[in-house]
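Here is what each chain is made of, one letter per residue.
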Amino acid sequence: MGIGGYPEEVSHFLRSHGLEVGDRVKLRLDSGLVLEGVVMPRYSPSTRPVLVLKLRNGYNVGVRIQEIRSVDKVERVTQESPGAPVPLVEELSIAEDKRVALIGTGGTIASRVDYETGAVKPSLSQEELVLSVPEAFQYARIDVEELYSILSEDMKPGMWARIAEEAARKLESGYDGVVIAHGTDTMGYTAAALSFAFHKGLPGPIALTGAQRSSDRPSSDAAFNLTAAVLVASRAPFAEVTVVMHGETGDSYALAHRGVRVRKMHTSRRDAFQSINALPLAKVYPQDGRIEVIDPSHRPRGGGLVLENGFDERVALVKHFPGATGEIIEMLLDKGFHGIVVEGTGFGHIASDAIGAVRRATEMGVPVVITSQTLFGRVNLNVYSNGRRLLEAGAIPVEDMLPETAYAKLSWVLARTRDLGEVRRLMTTSLAGEISWRHNLRLYPRWRHSA
Amino acid sequence: MPELDYRALGLKVGLEIHQQLATREKLFCACPAELGEEEHDEFERRLRPTRSELGDVDVAALFEWRRGRSYLYEAPTMHSCLVEADEEPPHPINREAVAIALAIALAAGSWIPGEVYVMRKVVIDGSNTSGFQRTAIVALGGEVDAAGKRVPIETIVVEEDASRKMGEEGRRVRYRLDRLGIPLIEIATGPVIETPEEAREVALAIGRLLRLTGRVRRGLGTIRQDLNVSIRGGAKTEIKGVQRLDLIPKAVHYEVLRQVRLLEIRDELRARGVSREDVLSMQPVDVTDLFRSTKSKVVRRSLGKGGRVLALRLPQFKGLLGRELMPGRRFGTELADYARFWAGVGGLFHSDELPKYGITGDEVEAVYKALGADPGRDAFVLVADEEEKARRALEVVKERAAKALEGVPEETRAANPDGTTRFLRPRPGSARMYPETDIPPLEVDEELVRMAEEIKPEPVEAKMRRLVEEYGLSRELAEQVIEDVRLDLIEMLISRYHGELPASVIASLFTVTLRGLRGEGVDIEAISDDVLEELVDMIARGEVAKEAAEEILKKAAEEPGKGARAIARELGLGRVTREEAERIVEEIIKENIDKVREKGERARGLIMGRAMAKLRGRIEGKIVAQIVEEKLREALRG
Ligand SMILES: [Zn+2]
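Line by line, the protein sequences give chains C and L.
Numbering that gives the first Met the number 0 puts the first residue of the first sequence at 0, with every later residue one more than the last.
Numbering that gives the first Met the number 0 puts the first residue of the second sequence at 0, with every later residue one more than the last.
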């Protein structure tokens, strides 16, 4: 790629006319038409010999360079200096009785759009937050700290530990709660990881939140979610690790989900996050400051802080599929992995000829944890003979725990102990509400069966 | 309408024609591109003003947001999906829609870019769930023949239509998502139009060009014209949403009139020696106490809710606020529009219209006194509302009044049904537009150009020749067919029944029968293409005579959804054989035998009338006449 993301042919054209991205030009085309506009960078990669021009009416068009007969006039456009930002509210009212720390890890909770290129610049600064989400301050004074600025999919267990450490520091220094801005794709994993790190003691809520529509759009859910998260962090009665996101497609209420029970269930909807095999902790109304607790069995605020930090990065999460043999598990063992979480079929099964690999893992002291790819319901290895053989090979079924939660948990457990017996005991004990023993009929969503 | 010399005034009009395209799917999703009245889900959202790199925000949007404006969306289950609900990114742009627009571009000789870029145009009135309208230029330049000249085309754009506004419920606006995403083509002409009538003719010509593709939607609301109007010394006014062609000349005329009058007001103010500073230095005065026992209901209601009455003096404006700019709209109305828009007040009173509305002459006098104003030279404006809103309203009124010294402000206005216009919003400065990064640019490849070539409308002359030479229509009838909104349907039917039914029968069904019905006030738009197709089929098969068409269509307009055959059955319009017709005529003659004997041959008219009353539409009139002739002769002989 050459200048402005253009292929060599276009770069050469630009160079030979002494042009740069951002220049105002007049192009005379073969048809006689004269186009005046600003040379834009490409935002999508292409090998096509097309130059992108922003016309004076604001539209972009792609001009084939072989159609350009002459470049009539060149003028460098000087960047307009940012004017004084207009605040969204006339007067910022801050609730001084509560303090919330906002830790940024990435995503675009607060950002500005460049109207020229359409590029969105995430900028999670104190100043930016005041300007773009002033209503969040009606519930607490918010202090912003940007820890990471990474894409959701680039999150790693090592970073969970940094985030936990930072959150602990904030809570220790007297904040009422912590909000963590996070990309949505792996937010559920981070929430589960933090839940285990803090399961022995957390004085105030940790609310993870993000946006399904980036904050450069008028319809963004970022401000709604962030305000709801600040409300939870500052005023919820529970001291739990939660994910706080839209509760339904409209801007009515958000849900606070228990970190070990939440899963992103949709690629794009605002209400993608749902609690699986459990009810959410609370309904949250960011517009009028209400929190309706749904699950009363929560840890109250005000307890001590106990952080058991550290995650094992040599844990794998694999899915059984028709045709899968023991090969994948064997490979992981050969690569020296410390633990494996399997998403089995149905009750938690894997193919008969893969069971040997599980036995070998157990013999090597590598735990194999069984969850189900159905997500809803409880694994059970007693119903069919293959299940019983899997048990006998040493597999650890973990009840109704989500596969992603089991993954984060095993990573956390293996950083404490490599003793297989102890790993088994910890994995099958509910530490942070990740296992429950009773599902009533309502815990399964009702799908529609008519158009 | 008062006479105006438009050319001398330097009138310049440019048109933006928006027309829905008849594609199978919407522009950015797989929903059908049509309205739907089925059951819907509902959700409520708010839209936030976003900030650009330059740090600015859309003030109008900001104001709406601060007022807590929310939007309630109806999502019909068959005509909207996650894309319209802003719950899924848009799909790649609909190639069919682009091809139709490219076809127009080819016909107009426009330049077609190598890549089409979809942009986001910020629109925060809730009509787009995303807060922006997706829009793309597919061609630039070119020209069309209209009103006897070559009219330059500036841009050809494809964009998504907005949601349908269903109403307002307090601070909530209700929209329906079926219309959102229906593809629109927007054709913008250069500002070369010099008279109101010419504007209509150019709109007509472009509408015809669009219809000639056979790929545009018809019916109310499927075409909208925006007009950019300016006169020398005035300003460019954008008039939005003129739906009827015959309203165009009126809207242009009234706008010219408005600008002329605003310039007169400016000159008058200058002559009176008023300066901007004089106006801007005025401060609102709280006159609530003067209205404690007022008879004005509006004021009393506001005071009852804890509101205040504020007044602003407009120095030496006496008589100008009451000056009519266009029928029913005075300069005071313009001030009220601004106050409503920027401050959200219900309205205002101005001294040129008082005493009235329960406000007495004594109260007017008292206000003049409180303002220290001269009742012989000054004017004032009164607002009764919450204090903050009232203050803001008067601030806005003051600024607008000061602008009167400069002439005509740049505005976007909305057309009223009578062709007058009202203030909608200030004209946006630089377009708030940025790339839609969720949609990759579309390469205009050979396949797309081939698709466009197929749709490209044939020249009017060629079409005319075909209709006359191939199908035997008279030139006059062919001309009417080409002007008809249902051109595509007529052509299809003429070609389908070629050799079975004369083209002239099909053509006159539309150009004579339907137009006649419209003249009688029948809502012919309610008659679906399906009904017309079925009716032509019935005529072709001889199930009904063509004379039955009028009655069937009248009924079809009253009961949309009912088929032509079902209507014919209900009306008893089944065809009769010649033998049955003969029996009916014999019966009539027998009933009237005395008169027949008395009048002889001259009774023909009477018998014919009675027979047609029973037989119209069931057998050709010509045959009835023959039978009457025969039977009458027999009766007289016998
Ligand atoms: Zn759709």
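Hints are computed from structural coordinates only; laboratory data are not their basis.
Wrong hints could be hidden among the right ones.
Derived CB-CB ranges, DEER-like [claimed, not checked]:
1. C:K334 / L:E38: 48 to 58 Å
2. C:R23 / L:S280: 37 to 47 Å
3. L:E38 / C:G364: 54 to 64 Å
4. C:Y284 / L:E38: 45 to 55 Å
5. L:E38 / C:T416: 49 to 59 Å
6. C:D287 / L:R271: 47 to 57 Å
7. C:R14 / L:R426: 32 to 42 Å
8. L:A525 / C:A450: 21 to 31 Å
9. L:G218 / C:G31: 17 to 27 Å
10. L:G357 / C:E35: 53 to 63 Å
11. C:G31 / L:R474: 32 to 42 Å
12. L:A525 / C:D29: 42 to 52 Å
So the derived list for chain L, only partly shown, Cβ under 7 Å to chain C, looks like this [unchecked claim]:
13. F42
14. E43
15. R44
16. C80
17. E87
18. P112
19. E114
20. M118
21. G130
22. L219
23. T221
24. P439
Think about it this way: if two alpha-carbon atoms lie no more than 35 Å apart in a straight line, the pair counts; the simulated DSBU-like pairs of lysine-lysine are [to be verified]:
25. C:K25 / L:K148
26. L:K148 / C:K97
27. L:K164 / C:K282
28. L:K553 / C:K25
All residues carry an ideal CB built from backbone N, CA and C; glycine is no exception.
Taking 7 Å as the limit, does the beta-carbon of F42 (chain L) come near enough to a beta-carbon in chain C? holds, 3 Å
Query raised in the report: Between R23 (chain C) and S280 (chain L), does the beta-carbon spacing fit 37 to 47 Å?
Result: holds, 41 Å
**Message:** Within 42 to 52 Å: is that where the Cβ-Cβ distance between A525 (chain L) and D29 (chain C) falls?
**Reply:** Since A525 (chain L) and D29 (chain C) have Cβ atoms about 50 Å apart, the given range 42 to 52 Å holds.
Hey, does the E43 (chain L) contact hint survive, CB to chain C under 7 Å? holds, 5 Å
Within 47 to 57 Å or not, the Cβ separation of D287 (chain C) and R271 (chain L)? Hint holds: Cβ distance 53 Å, inside 47 to 57 Å.
Worksheet entry | Hint check, C80 (chain L) versus chain C [nearest Cβ-Cβ separation less than 7 Å] | violated, 12 Å
Was the hint right that P439 (chain L) lines chain C, CB cutoff 7 Å?
OK, holds: P439 (chain L) within 7 Å of chain C, min 5 Å.
Given the range 49 to 59 Å, decide if the beta-carbon distance of E38 (chain L) to T416 (chain C) lies inside it.
holds, 57 Å
Is K148 (chain L) close enough to K97 (chain C), meaning Cα to Cα at most 35 Å?
Violated: K148 (chain L) and K97 (chain C) sit about 71 Å apart, past 35 Å.
### Restraint satisfaction for P112 (chain L) [CB to CB of chain C, less than 7 Å]
holds, 4 Å
Exercise. Can you let me know if the beta-carbon spacing of E38 (chain L) and G364 (chain C) is within 54 to 64 Å?
Key: holds, 60 Å
Quiz item: With a cut-off of 7 Å, does the beta carbon of L219 (chain L) approach a beta carbon of chain C closely enough for the hint to hold?
Solution: At 29 Å from the nearest chain C Cβ, L219 (chain L) fails the 7 Å test, so the hint is violated.
Going down the numbered hints, you'll see the structure goes against 4, 9, 16, 22, 23, 26 and 28, while the others check out.
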